[in-house]
Amino acid sequence: MDDFLPLLTIFLLAVFVGFEIITKVPPLLHTPLMSGSNAISGITIIGALLMVAAEGQLSTLLGFGALVLATINVVGGFLVTHRMLGMFKKKD
Amino acid sequence: MTDTLIDLTYLVASVLFILGIKGLTHPRTAVRGNLLGASGMLLAVVATLVTKEVLGSGTQGLGMIVAGVVLGGTIGATLALRIQMTAMPEMVALLNAFGGAASALVAGAVLAASSAPSTQTSVATVASGIIGSVTFFGSLVAFDKLRGLMLPDKPVLFPGQQPLNVLLGLTSLGLGVWVVNEPSALMSYGLLVAVGSLLGILLTIPIGGADMPVAIALLNSYSGLAAASTGFVLNNEILIITGSLVGASGLILTRIMCKAMNRSLMNVLLGAIGEENTSVQDADEVYAGKVKSASAEEVAMLLDGARRVVVVPGYGMAVAQAQHQVRDLANLLEGNGTEVEYAIHPVAGRMPGHMNVLLAEADVDYDKLREMDSINPSFEQTDVSLIIGANDIVNPVARTDPSSPIAGMPILDVDKSRTVVVIKRSLSPGFAGIPNPLFAADNTLMLFGDGKQAVLDLIAAVKDT
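So the protein sequences, as listed, match chains A and B. If you count the first sequence from 1, position 75 lands on 75 in the numbering used here, and the numbers rise without skipping. If you count the second sequence from 1, position 22 lands on 1022 in the numbering used here, and the numbers rise without skipping.
The hints are simulated quantities; they were obtained by calculation from the structure and are not laboratory data. Predicted, not measured: the structure shown is a model, and the values here were computed from it. Take the hints with a grain of salt, since some may be wrong.
Subject to a maximum C-alpha distance of 35 Å in a straight line, what follows is the list of computed DSBU-like cross-link-like pairs (lysine-lysine) [claimed, not checked]:
1) B/K1290 - A/K24
2) B/K1452 - B/K1290
3) B/K1154 - A/K90
4) A/K89 - B/K1259
5) A/K89 - B/K1022
6) B/K1290 - A/K90
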């Protein structure tokens, strides 16, 4: 349990930070917010990397599946968000 | 690299993610924000690659990593570059699905790799497994419904649905207890994921097409929570921080969407629209003899004389892919000295912000895309409101009839403008399944036809006048 409380603290504080920033995102950008947040939730890629390298066939296999999916999220998410945001222009 | 250095790198990456989302608070800073987020990700991945657990794992592990990244990167880049802006809800549904699945897989891999996991690890693994599989299959159902593949757009309801969902929820918790008590029995985790998957499907099929913005936002939140609980599995702070940011983001969007429909989250999740004791007026009674149909030429004359025109887009505009034609029409009117703005209802379309992206794609200046609360007071000074493919979000019944299924839903007050022009194929009802008295109002003209063709006709007619 030694690790648990600090992690729980981080979790709760991050939720509050999330609420504070995201409330300020205008409806105009809600779609890029969703695709962009999908991209960063691809952070699971880190866990996937560790698991591919871990010992044991099953965990390597599961880790590989996770790695492919998480990479789709990271690459697809950031790229499609970039594409979308490039369209929001102001003339004049 | 030492562990401290790696943890510090993760911390920097977390800060970059937060700054990245912060960038999204304004379109001017948004592109930079997204790039900050992407560099944070790159940093985190590189830091993980150089740890001794990964680098020291031998060439076989590295080979698989390269293969996985190349495969995933290719699929991701292809999707991102090929997807049409109208299909963005499907894209986000897929990304939600993959995020959830990746978290459940990593948690399963940890369980398979460790001989005696701590209670924290096994409990968090259970959470990742349930949330991840619900997210994956729920998002696939959402994707299917949005694409119109196998499942109907309408809510799928059957007797005993709620008790069955409760039963499945309890079963998955029971299996969770088994996983925690006997982590070496991987069978239990497999069953847990199977039950979670079934639950994900059953929870999403009752959600109908126009409620998709809520479903997608909620699944977005789940995919974040799945990542956060995988962080507890791995004792990894950056997963926890990032997952909770995304979880919070999805929850906020869910709340905004529900508020914009004046419905509770429960009501949306149970697919209950039109289910309660609501009175629905007879369509014939509402429309008979009162609907005025106009030609493109008549509408063009109106637009030509208008000083202020407000365009109200809905899902129909996305279906007809008419956003570019709408922009052409607006440019033409602006060339004649008319002021043109766009009124965006929060739940117009199939996901939060859907209409904004489509109009931005068509090169509409984002300052002209106005939110409901800011544009509503201006309808009284508006000469023509041009409604393209929207229905329930402009139905005045929401204001007047407390027994209507959409009672209390905030709407765009288009009926207060001098003239309302509705471009629509027919008088068929919107998602709520109720007739719209706006179509029969004295100041409303119906321009029947396909969205794109009708706007093209309007453009031609305005050029002629």
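Against the structure, the hints come out as follows:
1. With a C-alpha separation of about 44 Å, the suggested pairing of B/K1290 with A/K24 is violated against the 35 Å cut-off.
2. Proposed proximity of B/K1452 and B/K1290 is supported: the alpha carbons are some 26 Å apart, at most 35 Å.
3. Distance check on the hinted pair: B/K1154 and A/K90 sit about 38 Å apart at the alpha-carbon level, beyond 35 Å; violated.
4. Between A/K89 and B/K1259 the CA atoms are separated by roughly 29 Å; this keeps the pair inside 35 Å, and the hint holds.
5. A threshold of 35 Å between alpha carbons decides the hint, and for A/K89 with B/K1022 the separation of about 19 Å falls inside it, so the pair holds.
6. Straight-line distance between C-alpha atoms of B/K1290 and A/K90 comes to about 42 Å, which puts the hinted pair past the 35 Å bound.
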